[in-house]
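Engineer: Based on the sequences and whatever the hints tell you, model everything.
Order-wise, the sequence lines are chains A and B.
Just so you know, the first sequence maps onto residues 1 to 433 in our numbering.
Just so you know, the second sequence maps onto residues 434 to 911 in our numbering.
Hints in this document: simulated from the structure, not taken from any laboratory.
As the structure is a prediction and not an experimental result, all values here were calculated from the model.
Nothing false has been slipped in among the hints.
Once the Cα atoms are required to be at most 27 Å apart in a straight line, the calculated BS3-like pairs of lysine-lysine come out as:
| hint | chain 1 | residue 1 | chain 2 | residue 2 |
| --- | --- | --- | --- | --- |
| 1 | A | Lys336 | B | Lys552 |
| 2 | A | Lys283 | A | Lys336 |
| 3 | B | Lys552 | B | Lys639 |
| 4 | A | Lys336 | B | Lys752 |
| 5 | B | Lys552 | B | Lys752 |
| 6 | B | Lys874 | B | Lys639 |
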Amino acid sequence: MSTDVHELIRKPPEAANPRLAALGIPELDACVHCGFCLQACPTYRVTQLEPESPRGRIHLVAAASQGRIETNERFASHLYLCLMCRACETVCPSGVQYGRIAEAARELLGPPGGPVARGVLRFVLRRVLPSPRRVRVAARLLHLAQGLGVIRLASAVLPRRFREMAALLPPVPARSFPSGRAYPAVGAARGRVVLLSGCVMSVMFPEVQEATVRVLQRNGYEVVTPAGQICCGSLSAHNGETASARAMARRNIDAFLAAAPDAIIVTAAGCGATMKGYGHLLKDDEAYAGRAAQVAALTRDATEFLDGIGADPPRRTEAPLRVTYQDPCHLAHGQKVRAQPRALLSLLGADVAEMDGADRCCGSAGIYNLTHPEMSQTLLAEKMEAIRRTGAEVVVAPNPGCVLQLRYGAARHKVPVRVVHLIDLLDEAYARS
Amino acid sequence: MPTKLLLEDLRRLVGPAYVLTAPEDVVVYEQDGSFMRVMPQIVVLPASTEEVAGVVRLAAAAGVPIVPRGAGTGLAGGAVPAEGGIVLTLARMNRILEVDVANRVAVLEPGVVNLDVSKAVAPHGLFYAPDPSSQAACSIGGNVANNSGGPHTLAYGVTVNHVLGVEVVLADGSVVTLGGRVPDTPGYDLVGLFVGSEGTLGIVTKAIVRLMAAREAVGTMLAIFDDFDAATQTVTDVTAAGIIPAALEMMDDVTIRAVERGLALGFPLDAAAVLLIEVEGVREHVDEAVSRLRLLCERRGARAVRVAADEAERTVLWKGRKSAFGAMGTLAPSYYVHDGVVPRSRLPEIMRRVREIAADHGVLIANVFHAGDGNLHPNILFDFRNAGELDRVIAAGEAILRACVDAGGSLTGEHGIGLEKRAYMSWLFSPADLAAMAAIKGVFDPAGRFNPAKLFPTPPGCGEAQRAPARIPAGLWI
Numbered sequence: 001m002s003t004d005v006h007e008l009i010r011k012p013p014e015a016a017n018p019r020l021a022a023l024g025i026p027e028l029d030a031c032v033h034c035g036f037c038l039q040a041c042p043t044y045r046v047t048q049l050e051p052e053s054p055r056g057r058i059h060l061v062a063a064a065s066q067g068r069i070e071t072n073e074r075f076a077s078h079l080y081l082c083l084m085c086r087a088c089e090t091v092c093p094s095g096v097q098y099g100r101i102a103e104a105a106r107e108l109l110g111p112p113g114g115p116v117a118r119g120v121l122r123f124v125l126r127r128v129l130p131s132p133r134r135v136r137v138a139a140r141l142l143h144l145a146q147g148l149g150v151i152r153l154a155s156a157v158l159p160r161r162f163r164e165m166a167a168l169l170p171p172v173p174a175r176s177f178p179s180g181r182a183y184p185a186v187g188a189a190r191g192r193v194v195l196l197s198g199c200v201m202s203v204m205f206p207e208v209q210e211a212t213v214r215v216l217q218r219n220g221y222e223v224v225t226p227a228g229q230i231c232c233g234s235l236s237a238h239n240g241e242t243a244s245a246r247a248m249a250r251r252n253i254d255a256f257l258a259a260a261p262d263a264i265i266v267t268a269a270g271c272g273a274t275m276k277g278y279g280h281l282l283k284d285d286e287a288y289a290g291r292a293a294q295v296a297a298l299t300r301d302a303t304e305f306l307d308g309i310g311a312d313p314p315r316r317t318e319a320p321l322r323v324t325y326q327d328p329c330h331l332a333h334g335q336k337v338r339a340q341p342r343a344l345l346s347l348l349g350a351d352v353a354e355m356d357g358a359d360r361c362c363g364s365a366g367i368y369n370l371t372h373p374e375m376s377q378t379l380l381a382e383k384m385e386a387i388r389r390t391g392a393e394v395v396v397a398p399n400p401g402c403v404l405q406l407r408y409g410a411a412r413h414k415v416p417v418r419v420v421h422l423i424d425l426l427d428e429a430y431a432r433s
Numbered sequence: 434m435p436t437k438l439l440l441e442d443l444r445r446l447v448g449p450a451y452v453l454t455a456p457e458d459v460v461v462y463e464q465d466g467s468f469m470r471v472m473p474q475i476v477v478l479p480a481s482t483e484e485v486a487g488v489v490r491l492a493a494a495a496g497v498p499i500v501p502r503g504a505g506t507g508l509a510g511g512a513v514p515a516e517g518g519i520v521l522t523l524a525r526m527n528r529i530l531e532v533d534v535a536n537r538v539a540v541l542e543p544g545v546v547n548l549d550v551s552k553a554v555a556p557h558g559l560f561y562a563p564d565p566s567s568q569a570a571c572s573i574g575g576n577v578a579n580n581s582g583g584p585h586t587l588a589y590g591v592t593v594n595h596v597l598g599v600e601v602v603l604a605d606g607s608v609v610t611l612g613g614r615v616p617d618t619p620g621y622d623l624v625g626l627f628v629g630s631e632g633t634l635g636i637v638t639k640a641i642v643r644l645m646a647a648r649e650a651v652g653t654m655l656a657i658f659d660d661f662d663a664a665t666q667t668v669t670d671v672t673a674a675g676i677i678p679a680a681l682e683m684m685d686d687v688t689i690r691a692v693e694r695g696l697a698l699g700f701p702l703d704a705a706a707v708l709l710i711e712v713e714g715v716r717e718h719v720d721e722a723v724s725r726l727r728l729l730c731e732r733r734g735a736r737a738v739r740v741a742a743d744e745a746e747r748t749v750l751w752k753g754r755k756s757a758f759g760a761m762g763t764l765a766p767s768y769y770v771h772d773g774v775v776p777r778s779r780l781p782e783i784m785r786r787v788r789e790i791a792a793d794h795g796v797l798i799a800n801v802f803h804a805g806d807g808n809l810h811p812n813i814l815f816d817f818r819n820a821g822e823l824d825r826v827i828a829a830g831e832a833i834l835r836a837c838v839d840a841g842g843s844l845t846g847e848h849g850i851g852l853e854k855r856a857y858m859s860w861l862f863s864p865a866d867l868a869a870m871a872a873i874k875g876v877f878d879p880a881g882r883f884n885p886a887k888l889f890p891t892p893p894g895c896g897e898a899q900r901a902p903a904r905i906p907a908g909l910w911i
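Structural biologist: Put into structure tokens, the structure is as follows:
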């Protein structure tokens, strides 16, 4: 067949169908494709492919909304190779809200992966995460399975992909952090705060949540963990399950505002960024829009809050700890919180050695390390090298996803560092005081 | 050659991951930093000079045009594949091959990001001088193709003043090295020919560039004016006083609004214009120049003159200036920027004319430009969904360019001619001038396969081939 090269041009669809036209959200207008985002994008840096860059993805969404390309698997693969780290938003001169564009596209596409993976993910996002009890049962089952060596045994017969997934899973603690409690302030009370117990935080990091309570109490705050709260909805919103995310947001808004807090404290960056976005998420919901904006305005990352109130200086260690700080993406890029955690590290008297690309994603990115292991591992390897070059003894990352990923990375790449949540260091320092 | 075979050969050459043909891949390569777009059929990303040469040979055999692309930050449609074909992206060739500190020379692949060069040599007290505002994104290959400038062009000159040699893949796939590592090489100045040739003569696969030693001291100041004319008058005063700053930039009220909306850096929203002036040299010289400049600004009625106290304050001032184009999205979905040049002494007059043209055509223009060089950047803002607006935008742009040329200036200072300004080349050059250029094009690219429909008002070469439209073809505009 003598096909001419020009026949490769596909005729664009005659008219955009209304479903795709809905993608044409106002955020697209602000992009003048200057390209400043390219070098900030982790997936562009690795691939050097424009479709794997923020400018490229915005162009794809715009072209789809005009009906010029299809929203097929290829299109979806570009939208889902994105980490949603939002580093592009930090460097964008026009302040394009890339995250909103990508979330709108993912809402239209639905969860990533093949039919089986989608099914599993939908089940987890719709049935498990919205129920704290089911999250606890799942964690308990994993804990037992790990204790009995079931996962290790099963790994031997599982395909490689699943073996790697299992290796990423750290030991799941036996206990979890409960909701429905109130902890009094120590000394003169300065106010009352709500703590987001969190889905992952409460079962994977109960000790960090307990430490957060102690640190807040010690700084004069009563801490309440309202019983009605559930997962913040972040994982759902990022994986094309926006309707579930909205439902979860409504339940949390009811639970949080009922406690009449001075602030809502979050120890996971992704959750904080999502909750600060509740106003946008529910902007079209008449019954909730106002209160959603109220919750958004009250939400504070734990480090942001503690720095803001002027946390008590703890007693310093004899020899200062050599520390390096990993900016969680949804803290630095999503919430523009960069200086506050570093200020707390100075309060601790830590000797901070900045790593190259501290605000570049470590590859954890929610469930990204499970859905895109190859890209995730590439980014992690770069990150561990940057950490190694600092000569730090401790890596501080105030976010559970980063902590799990960096702990896994430290073991795999044999970098002798301890990886902790910033709250852990503060709590330890207060315990010494 | 059948397409299928061409694709198979390309895939074998550079690897299947780096030959893109699906619409959901290639659509993102239809546009650069400008607002014209044409979908390529094939996008290829080679990783070495050999692979580039292979792609050129395969394309030649198949009779397919090749359009080179760097970071896609160009503002004149230079990387838009006007006649379709292959977009050859050099992004993967992004290694700094060598830094020769003693001789102040670096050898770079074309995909190296401009700013990364200065970052890499900074520990040696060196830097790469051409600093386009897009330097955090644009790449060396594109800089060479467009002979890019930047704010510091005033003191250091444009790209051609900093390129000592280039390695080029020619139309037949042969690889040649032009120039060298020392300033003077005998024979024709082919480096000068290739710098600024906009990808129409060959593909640059390596650049040997000059590095400069960082100055002892730098003084950066922001002069704030309530009157636009007073700011442009100050620019001519500065040059008349014999002061050559390292950079002398101007931003008007519309530009300040865009930057503040996008980045909130603290530029004065109520000013009519600001001048960003930088001087470099030994400490005493810088201090003296800063006081003299302050005086000149105040004599023209500057409301305030802020001098950056440290590197952090200096960075904020430059971030505002260098982000200005990218921030235009806060005001309108699209902008059409021109790049005309006028003799410095005509600056106040031409800027008055630009503002008149904006009023006459009913368009909003944001002016942010290299005032010290007389290099204008009027950004005409628009929304392509508004019927008729684009026609007014094009007419206003044409009127501004005409005014620049009439004032004894030029069509472009640094952005290149590309697709959008080729129709105006005949304003500047006689038929004989253009024929001389076309003859050169014919020597290096007889089949007209490299970046066709660029630079020349009509296809170069054979006189009878007057097929291409002199103006931008209708479909190219969004």
